[in-house]
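Protein chains: 2
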Amino acid sequence: MNIKLNTDEHFKKSNISKIKSFRKRNPSTSALISGIADGDIAALSRAITLIESSNENHRSQAQEIIDHCLPLSGQSVRIGITGVPGVGKSTFIEAFGSTLTKLGKKVAVLAIDPTSTISKGSILGDKTRMQELVRDPNAFIRPSPAGSSLGGVTRKTRESIVLCEAAGYDIILVETVGVGQSETAVHGMVDFFLLLKLAGAGDELQGIKRGIMEMADLIVINKADGENLKQAKQAKVEFSRALHLYPPKKNGWITKVLSCSATEHTGISEIWEQIKIYVADNKRKGTFQENRKEQNKYWLLQTIDDLLKQEFYQDKKIRAHLEDMTQEVVQGKLSPFAAAERLMVLFKEK
Amino acid sequence: MNIKLNTDEHFKKSNISKIKSFRKRNPSTSALISGIADGDIAALSRAITLIESSNENHRSQAQEIIDHCLPLSGQSVRIGITGVPGVGKSTFIEAFGSTLTKLGKKVAVLAIDPTSTISKGSILGDKTRMQELVRDPNAFIRPSPAGSSLGGVTRKTRESIVLCEAAGYDIILVETVGVGQSETAVHGMVDFFLLLKLAGAGDELQGIKRGIMEMADLIVINKADGENLKQAKQAKVEFSRALHLYPPKKNGWITKVLSCSATEHTGISEIWEQIKIYVADNKRKGTFQENRKEQNKYWLLQTIDDLLKQEFYQDKKIRAHLEDMTQEVVQGKLSPFAAAERLMVLFKEK
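Protein chains in written order, with this note's numbering: chain E, 2 to 351; chain V, 2 to 351.
In case anyone wonders, no lab produced these hints; they're calculated from the structure.
Treat the hints with caution; some may be incorrect.
One copy or any two copies: either way a pair holds, since identical chains are not told apart in the list.
The list that follows gives simulated cross-link-like pairs (lysine-lysine, BS3-like), each with its CA atoms no further than 30 angstroms apart [said to hold, decoys possible]: (1) Lys106 / Lys231; (2) Lys294 / Lys237; (3) Lys103 / Lys298; (4) Lys234 / Lys334; (5) Lys103 / Lys317; (6) Lys349 / Lys310; (7) Lys317 / Lys286; (8) Lys237 / Lys298; (9) Lys234 / Lys257; (10) Lys250 / Lys349; (11) Lys318 / Lys286; (12) Lys317 / Lys237; (13) Lys294 / Lys318; (14) Lys250 / Lys234; (15) Lys298 / Lys310; (16) Lys294 / Lys234; (17) Lys257 / Lys334; (18) Lys317 / Lys294; (19) Lys251 / Lys237; (20) Lys334 / Lys294; (21) Lys277 / Lys294; (22) Lys237 / Lys318; (23) Lys349 / Lys317; (24) Lys234 / Lys310; (25) Lys231 / Lys284; (26) Lys334 / Lys286; (27) Lys294 / Lys310; (28) Lys231 / Lys310; (29) Lys106 / Lys334.
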């Protein structure tokens, strides 16, 4: 869905007053829905705040908004971006996002960082690192939602994608830190997964969790500039060779390696070209749509699983016995299977 | 636990009559337990059959046996062996197992193959492929248990490990086919994970699931003989280079690449040497014991998860609505989270 942006002065003024009104009072659900459909950033922000709220009324209001936005969603290209801290994710997103908005795209930047409660929003929290993009009227930036469980944070981000799409964003960038389990979650909600890397004295893989390289649809060696240029070229060759040893993906795609300099804005367009080829190729083969259907199914099963576990582990009787039983199992005194069955009997007693 | 094998004629005779008695009637639980503790193969076989039975009485008898065997278990080295069909797993296990028994080790060979119900025991089912090992008094070979769910098959194999260890087997080899989810399961129940590969014209990775290479503690290029020798050497170099790009494992181990010829019995001892180094190294650092504790905990949580899902998906109301809801979710008409919550409400209604 492409919403044509009206840039005349009158619109600007009316839009500003609208933003203010969304901020001032509690807007109605229907006002938020039509605001989102109109591409209104304040309505979108407010609705995402409802998604992120722990208040029960907010949650049900959010659910209603999502239900109405679902038919308007699904038209974007969802791109996951990961890499260890220091690889230059913010600078890359700034450069990549600006390139896309210059092509007339509307770009939303979301994040998943389950640790952000502790680190107080380590990724995207500091919007000043994206000075250009944050002022871009065609870009929408939202930091990672807070939350203690990955499941909760994931859900909030995935629901935010629906709202951003309904608001007419063509490209959704989902940023994550390449050190935890959040990569699998992000990989399960995007169409394309991009891994940022650094070239350097053998430390280019430090801190990257095992398995992430296999998820990547594209590896980009960042900071390929100045003195790093030679090393970046070498790293490109090495990674290409290593990737050659992997089997091709289910959709037939063979992961590519590119290099770029986010600060010097070189190599950025080539990345977008690759993604366009990937999307066109997979849409033609039907694997793009197929992947999204599988992702929807995956999230249904995953949420059922999460809710079942929540019921179980919050049960008083389970909480009273779990620790002791776990110790017996860990020490090899009780079989894990026998322990699980005993706990299940406890759980089912009413 | 090392059970000294009495090889005099008198013992053999009494042992044979014992085996016959275990086969003929339904032995008591206590007879089976003491039989296993004595290293009696017939008692062990019979007890594993009870583990594999779907009969409720058999299951509870099996549980009692496992509870008694647990204190006797845990002394072996558990080795997972995987590789695509055609890589020569049976021939390798025959050669590797025989090498170990010649060193005075008692070797048990188990298997996990959730597809064996369909393929009628594709792995280990045809014991004739291990002609030498099957006749070896210090080897015990048991095909993959039948079962429709990976969870069930996994559980049976893991419980069988406990019994084999209680029966004095020093080395447990767990075979699996390198094409499905069973590798993760096997990886989660062994101390050492060995991936068999073939050298060859670019097809050395065909059919191997993504992520398996990262699980391996050792990659062995099999069929390194005759005309293959040169290619095997080349593959060894390539894999070593690729592995160099991975981060080291949590326990500090760096995956090695070796080559062997199972048919010509070359390179087999070197594999065992590597495993001994790995075990000694990890026992010294405490990571061997730590890993087993983590595995016990993992299986407890995994089994709880399996049992919860079983309850849910076998529920009549869930079965009545799941398919329709899934379709709505897959088609993007209903959010996966909303669908999961609606189903959960149904499930909790009594």
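Check your understanding: Between the shortest in-copy and the shortest cross-copy C-alpha distance, which are at most 30 angstroms for Lys294 and Lys234: within, between, both, or neither?
Key -> Classified as neither; 38 angstroms inside a copy, 44 angstroms across copies.
Point to revise | Lys251 and Lys237: within-copy, between-copy, both or neither at 30 angstroms Cα | key: both (24 angstroms within a copy, 26 angstroms between copies)
Exercise for review: With 30 angstroms as the alpha-carbon cut-off, assign the pair Lys317 and Lys237 to within, between, both or neither.
Suggested key: For Lys317 and Lys237, the Cα distance exceeds 30 angstroms both inside one copy (54 angstroms) and across copies (55 angstroms).
Exercise for review: Pop the pair Lys277 and Lys294 into one bin, within, between, both or neither, using alpha-carbon distances up to 30 angstroms.
Suggested key: within (20 angstroms within a copy, 47 angstroms between copies)
Practice item. At 30 angstroms max between alpha carbons, let me know whether Lys237 reaches Lys318 within a copy, between copies, both or neither. Key: For Lys237 and Lys318, the Cα distance exceeds 30 angstroms both inside one copy (55 angstroms) and across copies (54 angstroms).
Check your understanding: At most 30 angstroms between C-alpha atoms: does Lys237 with Lys298 qualify within a copy, between copies, both, or neither?
Key -> neither (36 angstroms within a copy, 40 angstroms between copies)
**Study point:** Homo-oligomer pair classification [Lys257, Lys234; C-alpha up to 30 angstroms]
**Key:** both (14 angstroms within a copy, 27 angstroms between copies)
Review point. Between Lys349 and Lys317, at a C-alpha cutoff of 30 angstroms, which is it: within one copy, between copies, both, or neither?
Key: Intra 12 angstroms, inter 17 angstroms, cutoff 30 angstroms: intra and inter.
**Study point:** 30 angstroms Cα threshold - placement of Lys286 relative to Lys317
**Key:** Neither: 51 angstroms inside a chain and 38 angstroms across chains, both beyond 30 angstroms.
Exercise for review: If the cutoff is 30 angstroms on CA atoms, where do Lys234 and Lys310 land: within, between, both or neither? Let me know, please.
Suggested key: neither (47 angstroms within a copy, 49 angstroms between copies)
Exercise for review: At 30 angstroms max between alpha carbons, let me know whether Lys231 reaches Lys310 within a copy, between copies, both or neither.
Suggested key: neither (50 angstroms within a copy, 53 angstroms between copies)
Practice item. First find the shortest C-alpha distance between Lys294 and Lys237 inside one copy, then the shortest across copies, and answer within, between, both or neither for a cut-off of 30 angstroms. Key: Neither: 33 angstroms inside a copy, 40 angstroms across copies.
The structure fails to meet hints 1, 2, 3, 4, 5, 7, 8, 10, 11, 12, 16, 17, 22, 24, 25, 28 from the earlier list, while all remaining hints are met.
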